[in-house]
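Novice: With the sequences and hints as input, model every part of the structure.
Protein sequence lines, in the order shown, are assigned to chains Y and P. The first sequence begins at 142 in this note's numbering and counts up by one. The second sequence begins at 142 in this note's numbering and counts up by one.
Bear in mind the hints are in silico, worked out from the structure with no lab data behind them. Any given hint might turn out to be false.
Here are the computed distance ranges between Cβ atoms for each label pair [claimed, not checked]:
| id | chain 1 | residue 1 | chain 2 | residue 2 | range |
| --- | --- | --- | --- | --- | --- |
| 1 | P | S339 | Y | E180 | 39 to 49 Å |
| 2 | Y | E180 | P | R197 | 25 to 35 Å |
| 3 | Y | G289 | P | G193 | 50 to 60 Å |
| 4 | P | A335 | Y | S339 | 14 to 24 Å |
Virtual Cβ for every residue (Gly too), placed ideally from N, Cα, C.
Number of protein chains: 2
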Amino acid sequence: MTETASQHETTRVQLIRSARRLFAAHGYAGASIAAISQELGLTKQALLHHFGSKDRLYALAVEQTAREILQILFDAMEEGRPPEDQLEAFFAALLSHLDEDATPVQLLTRELMDQALKPQDQAGSSLDDVMQSLVATVQATEKWQDTGVQAALALVVQLLGAATLNFTAKGTLQRVFGRTTCQGAGGQFSEIFADVVSRTLRE
Amino acid sequence: MTETASQHETTRVQLIRSARRLFAAHGYAGASIAAISQELGLTKQALLHHFGSKDRLYALAVEQTAREILQILFDAMEEGRPPEDQLEAFFAALLSHLDEDATPVQLLTRELMDQALKPQDQAGSSLDDVMQSLVATVQATEKWQDTGVQAALALVVQLLGAATLNFTAKGTLQRVFGRTTCQGAGGQFSEIFADVVSRTLRE
DNA sequence: CGCACAACCTACCAAATGGTAAGCCCAGCG
DNA sequence: CGCTGGGCTTACCATTTGGTAGGTTGTGCG
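Specialist: Next comes the structure, spelled out in structure tokens:
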């Protein structure tokens with residue numbers, strides 16, 4: 142029973158992972174279930190059979206993605222290490238993760254913008270946990286422990302923004318500056334960013 | 142003749158400015174011309190009469206917004222001043238501008254993501270000019286003049302991301318952390334960011 | 001075998017989408 | 001006066017949207 146259930150689950154997870162790409166690329170409104178199902182190689186109604194509705198599929202995609210980021214965060218948070226190191230490790234891991242596939246950050250950025258006008262009753266996803274953990278860790282830092290939650294939040298948002306725009310705007314940047322220049326920039330990106338993180342956290 | 146034409150233009154500009162808000166909030170696909178026209182107090186067909194098609198209206202909104210940012214950039218670029226000062230002035234002006242109304246950056250961020258899958262033949266808007274000017278100015282800096290275009294581009298993208306995420310994610314942040322905390326963070330945001338800008342550009 | 005159950009399909013639906021066609025109203029101007 | 005042209009309307013259109021209903025296949029299991 143558990144075996145069939147897990148098999149059921151793994152196929153579902155695969156479907157969600159594929160649907161994520163389209164949601165990330167076109168946004169919720171821009172990705173129709175017809176288009177998604179076509180990309181998945183099955184009919185629109187098969188998708189609805191699995192997930193009930195477009196909303197549910199999208200929510201699952203966001204949740205899965207947020208949990209992925211949360212996992213990266215947890216992996217970087219080995220106990221005992223100073224919070225500065227933990228944050229640096231997280232951002233480094235995040236960058237290398239996004240370097241392989243920018244889908245997660247595209248989807249979550251869109252979700253971040255769209256969520257503004259959704260009914261606020263649906264409580265926060267794992268994405269909230271990510272941000273709250275980051276803020277808490279920043280507040281555990283020597284430099285930022287006495288500056289208040291607001292300052293820590295402001296810093297977290299700035300660092301996340303600095304880390305992600307490069308990937309959300311990938312396509313446009315390549316169009317404007319050419320692919321070779323962008324690849325070069327991507328290579329130097331992590332160094333420059335690591336420097337910013339280190340300096341804002343420590344000195 | 143020119144008078145009627147200019148009057149014609151100003152009403153059009155007003156319509157575009159209003160339509161921008163909906164495009165920024167819901168994205169291109171999420172904002173129907175019916176919804177936009179309803180918000181503007183006229184019928185769907187009146188909109189189409191003015192602008193011909195939804196695509197054209199959206200393109201105008203993006204162009205208008207990009208030109209607004211470009212204007213901020215030009216205002217900060219008084220000749221004779223060192224490029225570091227110019228960049229600091231630009232980012233400061235950008236933040237205060239976005240503080241009043243986050244619409245521009247929401248729209249442009251969405252455009253930045255969507256443009257990835259558009260036909261690349263439609264050449265870049267004023268937004269391209271903004272980025273290219275920023276990169277050029279960074280390269281005029283003492284610290285970054287010998288590091289190559291790629292490094293300058295990477296830095297510009299990071300700074301823009303750091304400056305904007307706070308506004309694109311405004312709604313979600315307020316939901317997660319509460320309005321008061323976010324307002325406090327907004328107050329400290331500009332100081333922290335100015336510090337990051339200054340240090341990455343100079344030292 | 002028989003039966004349940006999941007996966008998937010075809011066929012359909014009401015509503016909303018972007019867009020066209022044709023006409024009304026009214027200021028401006030010869 | 002006439003009539004021209006811009007702003008705006010109602011009426012209509014084909015297509016696409018998310019979603020439902022019901023049937024068909026195949027697989028596992030008593």
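Novice: None of the hints should be skipped; say for each whether it holds.
Specialist: Evaluated hints:
Hint check: P/S339 to Y/E180, Cβ distance near 46 Å, so the stated range 39 to 49 Å holds. At roughly 29 Å, the beta carbons of Y/E180 and P/R197 sit within the given window of 25 to 35 Å. For the hinted restraint 50 to 60 Å between Y/G289 and P/G193, the CB-CB distance of approximately 51 Å keeps it satisfied. Taken as a hint, the range 14 to 24 Å holds for the pair P/A335 and Y/S339, whose Cβ atoms sit roughly 19 Å apart.
In summary, the structure agrees with every hint in the numbered list given earlier.
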